[in-house]
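**Q** What follows is each chain in one-letter form.
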Amino acid sequence: MYSVNYHRATSVADAAKKIKSGDAKYLSGGMTLIPAMKTRLAAPSDLVDLNHIADLKGIKVSGKSITIGAATTHFDVANDEKLKKVCPALSHLASHIGDPAVRHRGTIGGSVANNDPAADYPSALLALGATVVTNKRQIAADKFFKGLFETALKDDEIVTAVTFTAPAKSGYAKFPNPASRYAMTGVFVTKGKDGVRAAVTGAGDDGVFRSKEIEAALTKKFEASALEGVTVPSGSLMGDIHATPEYRANLVVVMAKRAVAAANA
Amino acid sequence: MGIEGIGARVARKEDKRFITGAGRYVDDMVVPGMKHAAFVRSPHAHADIKKIDTKKAEAMPGVIGVLTGRQLKADGIGNLICGWMIHSKDGSPMKMGAWSPLAVDRVRYVGDAVVVVVADTKGQARDAAEAVEITYKERKSVADAVDALGKGAPQLHPEADGNLIFDWGIGDAAATDAALKSAAHVTRLNIVNNRLVPNAMEPRAALGHYDKAEDHYTCWTTSQNPHVARLVMSAFYNVAPENKLRVIAPDVGGGFGSKIYIYPEEIVCLWASKRTGVPVKWVADRTESFLTDAHGRDHHTTVEMGFDKNNKIVGLKVDTIANLGAYMSLFSSATPTYLYATLLSGQYNIPAIYGNVRTVYTNTAPVDAYRGAGRPEATFVLERTMEIAARELGVSPAELRRTNFITQFPHQTPVIMCYDAGNYGASLDAAMKQADYAGFAKRKTAAAKKGKLRGIGMSCYIEACGIAPSAAVGSLGAGVGLWESAEVRVNAVGTIEVLTGSHSHGQGHETTFAQLVNSRFGVPLDSVSIVHGDTDKVQMGMGTYGSRSGAVGMSAIVKALDKVEAKAKKIAAHLLEADEGDIVIENGQLKVAGTDKNVPWFQMALAAYTAHNLPQGMEPGLKETAFYDPSNFTFPAGCYICEVEIDPDTGKTDIIQFVAADDFGNIINPMIVEGQVHGGIAQGVGQALLEGAVYDASGQLLTASYMDYTMPRADDLPSFQVSTSNTPCPSNPLGIKGCGEAGAIGSPPAVINAITDALGHDNLTMPATPGKVWAALRAGAKH
Amino acid sequence: MSEVSLVVNGRKVSGAVEDRTLLVHFLREHLGLTGTHVGCDTSQCGACVVHVDGKATKSCTMLAIQASGSTVTTIEGLANGADLHPVQAAFKEHHGLQCGFCTPGMIMTATDMIRRHPEGLDETTVRAELEGNICRCTGYHNIVKAILAASKTMSKASKSKAKKAA
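Protein sequences appear in the order of chains A, B and C.
Heads up, the first sequence is in full-length UniProt numbering, so the first residue is 1 and it goes up one at a time.
Heads up, the second sequence is in full-length UniProt numbering, so the first residue is 1 and it goes up one at a time.
Heads up, the third sequence is in full-length UniProt numbering, so the first residue is 1 and it goes up one at a time.
Hints may contain errors.
Stated by the list, open to error - Selected chain B positions facing chain A (in silico; Cβ < 8 angstroms):
#, residue
1, PHE236
2, ASP649
3, THR769
4, ALA775
As the list claims (entries may be wrong) - Computed, partial: chain A to chain C, Cβ under 8 angstroms:
#, residue
5, MET1
6, SER3
7, HIS104
8, GLY195
Said to hold, decoys possible - Below, computed lysine to any residue pairings styled on SDA-like, alpha-carbon distance capped at 20 angstroms:
#, chain 1, residue 1, chain 2, residue 2
9, B, LYS122, C, GLY32
10, B, LYS449, A, SER234
11, C, LYS92, B, ARG9
Rather than coming from a laboratory, the hints here were simulated on the basis of the structure.
Bear in mind that the values here come from a model prediction, so they are computed numbers and not experimental data.
Glycine is no exception: its CB is placed at the ideal position from the N, C-alpha and C atoms.
Make a model of the complete structure from these sequences and hints.
**A** The structure is reproduced here in structure tokens:
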């Protein structure tokens, strides 16, 4: 790791002030940033730690309306009883991110802001039609994720929360990369008042995306059987030593089936 | 069997320190004044070094020294060597290219060490290493062994024309060709044995300390054989003469072969310590380990196996190209020859065998022995061929094997080995029973109803371990003898220290060796200490690899114990005024047989050291040394059965059950033996399903971290069903065979035989990842 | 450089470290607690797992300064005095270790796992929960066995405690 200066923020405003120094980066759970720094792939001059800002933590469930503080850990999202009742798919997703130690530290805000193409949360936010709340504005998930590791966030902008309305039905299924255990393909499907949405992570060569083929099929009938024979194009899917684009295209459909089955269960 | 003696399931003595965090590994060592090294490594697979500019790095904070290969050469440090001479069929010696611990003019693989930086902290050393400016002129590179033999392939070493290191043969080519010609059926196939990275969980590390006042070096290193390290560093690398070099291998966090070899880093740390005047520690990070630890396997093989009309094998012809990487590692030449082709007879009566092996330089990490070393490759060749032959001949895999089993011992194979004992049918029966082989068809039907594909596969392996008779391996080209040493020191109070030249890095020697002493003298385990891993304490030894520590290391201890016993009995006879021949040792006492006259063990020991009342002319003290040179290899064998279920939607393979029935001869501690088998199977299943080192066309290692190299994790594996049978090994005093590698040797073909059984065709290479199995299913469906 | 203060294994400790110092290096190099190991660069192997404020944490993926103010338990502080912790005892009894390098992280992960599953564990759950800990020696067979056994022992112990309290 290169040398770095650490700052602990006490409030969102304090963090926004501290980020001005040098080539600073916000540090949340650090589960992606610190490994990247260790291997010298990331080299911020300063880190502003958001973990000690009480306002950023916690899950509020009010009827179907849900707000999750950005510094809420995967472990807490996975185990929140109220959330599990209204949107079990999101708790299920969180319970399968990384490993137990990673879930103890990693946060939803960090994951969303990082927008790793194989991270789980971006697919959930996109499929849930969630809103990303920052210290400056509210950004619809559809406008937030902008390709590989790119988001609509400005340099000094801090994700403070994620909000959404729990859909009537939602489900998530992922096929992990055998080595890294990140999603090689993960599909989050929802059926809510605005219809069906299906978002795919781990597979797109430009990051998380909505699959119109899956959405079209599931709009007709929100059941796994509706996806029989459905194919998705492999042209814009990633290929690597673990999976060809064609294999990923297959996994998109298979995971979508399993996600729908979970949503209906 | 006593409660602590041979055969007892004793919990390990060494565990206490490991479970409390008190283990002492190289990275835990701190020497006053110690500084830290970082290596500048080649980012290119193949390039000329045009210029090295260290000025900027030297000026960085905390930097003590920035050292290059030219300085290393100027100080007379020698090149790394391969210690096993192989001659080609034409009689010419193998073509060994020069391997400098720090590259001077040319780099030949990504990770090749070029410059070392010594600084106050690890971070500073890394920072400065990045500031070293090296100008390279890139050359064309080649990573694949078959490509490296092709016309126009880039040439790695001037010594090895066409990158061919040797073209070696074993067996009778003419007889084999004739046999294949006469065969009623010939099974032919091409096999790729995938390249693996050993991945001991403790990364390699070295701490070199030059003591100027004493003109003496100490090296703490992650080694499986510290004595060989000292020998080689003294005799070939000119680091220091043996009397001025102490090598210590403390607790070592796994080896699996990768820590047998002497690597550039330990040599450089010792040399750099003298150059800079400070103790120098280097610890690999995981990516460095991936890039520079000796890799394993990487064979391309074609096989022809002929059968007569009764399904008896008449001949076997094998042609293998083995990738040895950019340089010849210490035992790299032996692994694909004498550790591989000598096992091509497997458990079968094969009248004619011919094996041809060509070894090749490529722009990849050096390749050497990795758990099993040659024997997994031989087993994969044979057991895949047998399975496919059974499918082609329309007979059951078990029946085809049974038809060809060797049943009379000793059995001389056409490829050097003389099997001394075994009962292959017994292991096959035991495994089939345990796996409920007969019930498989029902289970397959039930799985099909759930939309899953079931398959079952077996593998009947044999291996040769307990290496090795020194004269025999010497005649085959080994640069060292493969005996083992032991010293037994009985203290004045009767407690015992056993010094062994073998090295424990997970195998539990501190317990099993003590169990042997307990069986002999009745001394409690707690009163027996095993000392290893330090050239100042143990005079000489050959270390631990090739499943040799039981069969060879313990046999040496037996010899030393025999001598101790003889002297102890003399002393006891003298004290008891009895005849030496009437003394027996029981329950910690030396007794006159058939009487109640006795002297306790500790009292006899005390008498040896007070020397007040010893037999006329006897030297005081009780300490004996022995060297044991085995008269033969040992031949563990067994049968493994794997049952898999494939999800056709994703191609993911789940192992439903894995059964291992092994014959390891007599067993000292069944708990430890089972643990060795579990670990071996995990590595074998890893090879079959998960692991594979991949270089891209430009020689970059794509699998250089756990993000891309799939290590077996707990949820990839089932619990294993293991059992043993026993045909004692006739060639060593304890009747034991080796158990350390069997799991990794026997399991890969069992897994692949099971998957291909489920697929219904054989077009599948390891590792059988979900993506590959899915593609194989589709390809199969198209046919 | 920053001043770091922590409670480690019940003792208040502090030290001035470079901000880039990882918690694992602070434990190993500043406090001499070398039982916590580093086995990879990518936060996957789990040899470095300790408990930070009672939760299993990869100490290679946290700066020491991030942990300042926290309570840390390492493998050295797990046992109560001379006794082995039930998880340590189970690893020994069931041969859940060979070379010992991954063992401290395994034991710290196992202890955390058992704490989070007071209802008990089954083999599938244990294997899934071990996703972040890699062992190259044991094939996990005996690690799984040891954790299941320790979970049983500990739930018995807590039940009998609860009975006594009632």
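**Q** Should the interface hint for PHE236/B be scored as holding, given a Cβ-Cβ cut-off of 8 angstroms against chain A?
**A** violated (35 angstroms)
**Q** LYS122/B and GLY32/C: Cα distance at most 20 angstroms?
**A** Distance of about 16 angstroms is within 20 angstroms: holds.
**Q** For the pair we were handed, LYS449/B and SER234/A, check the Cα-Cα distance against 20 angstroms.
**A** violated (31 angstroms)
**Q** How about ALA775/B: closest beta carbon in chain A under 8 angstroms, or not?
**A** Nearest chain A Cβ about 7 angstroms off; hint holds.
**Q** Mind checking the CB of HIS104/A against every CB in chain C and telling me if the closest is under 8 angstroms?
**A** Result: holds, 4 angstroms to nearest chain C Cβ.
**Q** Against chain A, with CB atoms and a cut of 8 angstroms, does the hint on ASP649/B hold up?
**A** With Cβ-Cβ at 5 angstroms, under 8 angstroms, it holds.
**Q** Tell me if GLY195/A is really an interface residue toward chain C, meaning its C-beta lies closer than 8 angstroms to one of theirs.
**A** Violated. Min distance 34 angstroms.
**Q** Does MET1/A pass the interface hint, meaning its C-beta sits closer than 8 angstroms to a C-beta of chain C?
**A** holds (5 angstroms)
**Q** Grab the minimum C-beta distance from THR769/B to chain A and call the hint holds if it beats 8 angstroms, violated otherwise.
**A** holds (6 angstroms)
**Q** For the pair supplied as a hint, LYS92/C and ARG9/B, confirm whether the alpha-carbon distance does not exceed 20 angstroms.
**A** The hint holds at about 12 angstroms.
**Q** Quick check on the hint: SER3/A CB to chain C CB, less than 8 angstroms?
**A** holds (6 angstroms)
In this structure, the hints that do not hold are numbers 1, 8 and 10, in rising order.
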